[in-house]
Amino acid sequence: MKSEDRSGEVKIGLECHAQLLTRSKLFCPCSTDYQNSEPNTHVCPTCLGLPGALPVVNEQAIKYGVKVALALGCEVQPVTTFYRKNYFYPDLPRGFQITQYDFPIALNGLVKIENKKVRIRRVHLEEDPGRLVYKGTIETAKYSLVDYNRSGIPLVEIVTEPDLRSPKEARVFLGKLRSVLGYLGVFDSDLEGALRVDANVSVAGGERAEVKNISSYKGVERALSFEITRQRNLLRRGLGVVQETRHYDEARGITVSMRTKEFEHDYRYFPEPDLVPIRISGLVAGLRAEIPELPDEKKKRFVSQYSVTQEHANSLTFDKSVADFYEEVVSKMPKTEAVAGSSAAVAGSSAAWVATWVADVLKGELNYRGISMREASKLISAGDFVTVLKLLKEGVVTERGATEILREMLDRGGKPKEIVKKKGLASLGSAETEKAVFEVLGEEQNAGAVADYKLGKKEALNFLVGQVLKKTRGRAEPKKINELLKLELQKK
Amino acid sequence: MITATEVVAGVKSGNISCEELVWRIYERIERSELNCFITLNKAAALAEAREEDKRRRKNEREYEKENGRKKLLGVPVAVKDSISTQGIQTTCASKILTGYVPPYDATVVEALKREGAIILGKTNMDEFCMGTSTETSFYGPTKNPHDLSRVPGGSSGGSAAAVSPAAGEAVLALGSDTGGSIRCPASFCGVVGLKPTYGLVSRYGLIAYANSLEQIGPLASNVSDAALLLEVLAVKDERDSTNFSLEKKNNREKEGVKGMKIGVPREFLEGEGVSPEVKKAVWNAVQRFEELGAECEEVSLPNLNLKHALAAYYIIAVSEASSNLARFDGLRYGLRTGKDEDWHTTFSRIRGEGFGEEVKRRIILGTYALSAGYYGKYYLKALKVRTLVKNEFEVALKRYDLLATPTMPFVAFRLGERIKDPLSLYLADVNTVPVNLAGVPSLSLPCESSGAGAGVGAGAGAGKLPIGLQLVGGHFEEWKILRAGLAFEQATTL
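Going down the list, the protein sequences come from chains G and U.
So in my numbering, spot 449 of the first sequence is number 449, and the numbers just go up one at a time.
So in my numbering, spot 416 of the second sequence is number 416, and the numbers just go up one at a time.
Just chain U, with the same shape it has in the complex:
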């Protein structure tokens, strides 16, 4: 699959026809069994691509001047369905938002358009981002491009599967990550996904699941593309009060990992449920970093109790979700069925019909956690745990440039294997959620392939299931993580 950098250069020079590129991608999407997309933006995207080609042919010199600086010129991008797109149905993979067409663009979508990207469509996901497998989608699960009998991870499963070279259904994709929703599917699908520092990317237009935890971030087939997309996403936005302007520019001049100190926290590797092959893959990756000149050492984060962090994460997430999802009542937009009765009967019926099981479970849990008499016991206590987790990461990230851990404790599991057991699914997030609690940035990139696959994948590397490596950095140190990721990627052939 072509990279974003190649597309930009090709479209600029005229070596690539934007329309042809987009056309070929839609052909693949339409033939695909993966179910990466909920809604396609085909007519508009093709028209946009045709226009792009026409503009260039009309006046090459002017075109260069006007468009030469656009960072994503002609790049086909898939957008997770949790992100608002003006004029394109946005459902969050829920029945309750079926038919909802936002009248406005999320800030990140505005940024994509400003930089010349072409929006392919809206990708499949777990309903309201609540899941680790994309199986809770009202529109059916997405399949793993490396093994169609397996899940792609979640919740941004559609986005991760689409950018996988094995699928080739998008060059870049946007995901959103509340507790691992970018990194988990990146890990399962063998692509690169980054959860930015909380506040780096505007959340304006992102349909909220847990506001205090989530960020929009890039998914790509390689580290450079992820970095390119992040650059476009990280713009200051007055419409999001939790958005920071980055005063201190990251030092992007440096290359490589020579002299970098990388800590490998024991707690993330030794936890129950981490599969031996994942453990081995991470140690192999650590060794590669050492070969590249980094100083790596095993470290313990004694105050980081991952089980407590997981519990705290779920309490905060479901509490916020129970409030965020109150607005879906069918009155102003989305699902409206049956005869209107008095408002509470109608609200109850529409919410009963419109929300899936997992969403209802979390709304009920969150409502309970925030109730009078329980607030202090659950929500406030969870906030305290969150502070502890944050402090522990801060301390560790003063001593180390990066922390390296497995993204997921295991490789992609089979469709239907865990969906009936929510608790086992929640436990799969154990390595990703502490990062969201701490608000620090984290990258997942493929580090090795396991032999566990069934050999029915769609493309290169078929039969092998990817293993993801998670690199965690300090607040606003995305570029340091990406630098390490790039060095690793260049030194690795999968």
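The shape of chain G in the complex, shown without the other chains:
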């Protein structure tokens, strides 16, 4: 019954728009580096749509588009053409957007996520419109301002078939896409608004709705969950779901109707007469050779080469800069064990241990601070990271001490050894640890815990370990404390 019951089945198809990292815009020589510029400073007659100005295709953008298509397993088309999509909006200076329609760059791709395959319908290029800006908020502003710096920024649009079955799958797919685009070096995943998504959602028994304006990778799950719940509620009450376009209100986490089917725009697509068809078949072989090892292959290699867990492999390879950092650290680690043990397994286990420190500890600290590996690598070099791990292995610092060093480097900078000195992070010797243990056991406030332990409450030991750690500010080795405490408690 389970698999046959399709009632309530959800179908999601995504249209993903990613800004491509070309140096100039898609159809003019204006710089794309507009993020920190005054409004309307990265503009020219072409991207302002001045009368008489003409577009010229940026070849780099075409190459990036072909690369993306190849990485997503698509069939690159022999010839590609641009079309005009006609509609009025203040951020669209020509009254039409130059995009692709028939003859896109590529068709029919396939992306694997977890245990399923998502078919890619098409990959094409188009220009980003400008941006409406409001003084204060959209509700309180008396007028809208338009900034055309973004006008003409190249976007690659990736359209999936409706193969996704849940908001979570959609998020995983987008994560995968973001990862692949980042690997290709054609996309800056750190950039705000660099990946925007429209989603087509339907629940069996109803029409589909298109949800527009999902501007963050994280917003997708929330937007889709809301929309699916909305549609299910309508169906449950027998009201039916109409075909319509809805707008995702990120601040409120809801979708709002923009227009129903009868009011759908007729975009009047027709071939852009100012541009000529572009033969791209000749680019394929060269660009295929430029595609680096992609996340899936890298993951497999990490598991076999470094004996890391599947989970660590996932975490390490999601972002290419993390994977690169990890491999650099591994290559810089002293090979003493490999020599001593002279077995790959030992070396492997060392690499697996490094994986914990990169995937769990370092990435955890980065997530907490909301910074990317690329930014972090300016603060912590792979060499520094190796030094920290060496200090740990040599017992100069405890695990907690090592983490402290990393935090200090991220927050205030500095070199590992200086930080150990400055912050007094060096581990305590056995005598000092013993002293701390005696002190804790002798303190009045801990008598209860000691008694509990004696009565067989093993958890009491954890409390006492904590007390010792607190007293030593983390500089004592927890394992050592544990041993000493057990020994002393037995004596009591």
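Treat the hints as calculated values from the structure; they're not laboratory data.
There's no promise every hint is true.
Said to hold, decoys possible - Straight-line C-alpha distance at most 25 angstroms; calculated BS3-like pairs for lysine-lysine:
#	chain 1	residue 1	chain 2	residue 2
1	U	Lys377	G	Lys261
2	U	Lys12	U	Lys42
3	G	Lys85	U	Lys384
4	G	Lys142	U	Lys339
5	G	Lys85	U	Lys381
Unchecked claim - Residues of chain G clear of chain U, computed beta-carbon distances all greater than 10 angstroms:
#	residue
6	Glu15
7	Glu75
8	Glu139
9	Arg178
10	Val242
11	Ser257
12	Ser304
13	Gly442
14	Gly466
The beta-carbon is built from N, C-alpha and C at its ideal position, and this holds for glycine as well.
Take the given structure of chain G and dock chain U to it, following the hints.
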């Protein structure tokens, strides 16, 4: 009127004062009833001319060295108002662009300046090039210099009238030709106009009406001047993706038409509405070519249905126009009236006020033709017809060096005579639009004068209305057409 070649030689040698020449032209313009110009560039042009004279006087030898190669040294040129000029208002004869001053020069204007030309001003035209009579201009119609009660043709009516010796308001002029907009006014005003091969001249800076059809081209009082100006215009431009670089240099050594094969397609002469005097004038011209040594024969282009070509042309042109003209919303430049409301109300009001009737008609037609459900029926079908027309011309132009036809089926009509009947105006383009569909080059030059004029013209030949002969050549064979045109011109006195 002085020719461009004479101006260049005179300015170079010092026999002509550039300032005086420009001054005299402005005097004529200001006295004129023709309404050739929308915007004058008087102060800047006179200053430029004065500078030119000063530079020459200062150091004649150096001047010769630095400027001797400039092809249009000191030549006063009028520029159609559909072409962007930095710092000079460019309106396309529309209210909606009133006050718009482009921050950049069209590639052709850059070329003019580089070659030493002096920009006189911006000439009148049909609004957004949409017309055959210059009557749809927001700035009022231009009049025919041969008969002030008649139209100059269009859409480049101001440019054609200005270079007419009867007017003498410019030595050379730029026009743009989407479906005959250079050749029609050349024919009506008795001047020489050339529509280049699609892609020969950069369109960068030309305010688009129908991108896939139009070209900028020269208007002049004689064939040599038109050739000189074309040479300046035909430069490779990376900013226009449809611009070709001419690899194969035209053979310009040859002269005359001896041995040239000229076809006279029956369809262009026998169509309804071709006036008998026009027909006769073309046959007389053909006879002259034979006397000059060309082999001429009547030919049929059986697959060229001119009515279908005309329909296809209008569908493609209005479709492209409906999209091209979407950018005029008053937000960034041009007309902005009244109180700002929400954007669609404001856009609608400004477009409602800013566009003329003919422009609105074509936007509506084009929007309809591109709509879902009609695209295949109209636009795609029109593209198929276009391919047929192109093929037919290619076949014919393999057999013949040139095709000779009437440019217009009749001579200049009266102001107001046809403007209320758009369809009859559209039909007037029947001989010129197939050339744009095919993308081939075509020259219109005066071949005879009819006696139909009212005798109130401004200058020589007053009272007689010119008849234009159209010479069509193969892709990038401008020089062959010009060679034939020159031979014809030298053998003809009008």
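Taking the hints in turn, this is what the structure says about them:
For the suggested pair U:Lys377 and G:Lys261, the alpha carbons sit about 23 angstroms apart, so the restraint of at most 25 angstroms is met. A hinted pair counts as satisfied when its Cα atoms are at most 25 angstroms apart, and U:Lys12 with U:Lys42 qualifies at roughly 22 angstroms. For the proposed pair G:Lys85 and U:Lys384, the alpha carbon gap of about 22 angstroms is at most 25 angstroms, so the pair holds. Proximity of G:Lys142 to U:Lys339 is assessed by CA-CA distance (about 13 angstroms); at most 25 angstroms being required, the pair is judged to hold.
Of the pairs offered as hints, the one joining G:Lys85 and U:Lys381 holds, with about 20 angstroms between alpha carbons and a cut-off of 25 angstroms not exceeded. Distance check for G:Glu15 against chain U: the nearest CB is about 19 angstroms away, which clears 10 angstroms, and the non-interface claim stands. The claim that G:Glu75 lies off the interface holds: its Cβ sits roughly 25 angstroms from the closest Cβ of chain U, which is beyond the 10 angstroms cut-off. Distance check for G:Glu139 against chain U: the nearest CB is about 15 angstroms away, which clears 10 angstroms, and the non-interface claim stands.
In this structure G:Arg178 is separated from chain U by more than 10 angstroms, as the shortest Cβ-Cβ distance comes to about 32 angstroms. Listed as a non-interface residue, G:Val242 keeps its Cβ farther than 10 angstroms from every Cβ of chain U; the least gap is roughly 20 angstroms. With a minimum CB-CB distance of about 18 angstroms to chain U, G:Ser257 clears the 10 angstroms threshold, and the non-interface call stands. Look at G:Ser304: its CB is around 49 angstroms from the nearest CB on chain U, clear of 10 angstroms, so calling it non-interface holds up.
Residue-level check passed: G:Gly442 sits 78 angstroms from the nearest beta carbon of chain U, beyond 10 angstroms. Non-interface status of G:Gly466 relative to chain U is upheld: no Cβ of that chain comes within 10 angstroms, the nearest being about 63 angstroms off.
When each numbered hint is compared with the structure, no violation occurs for any of them.
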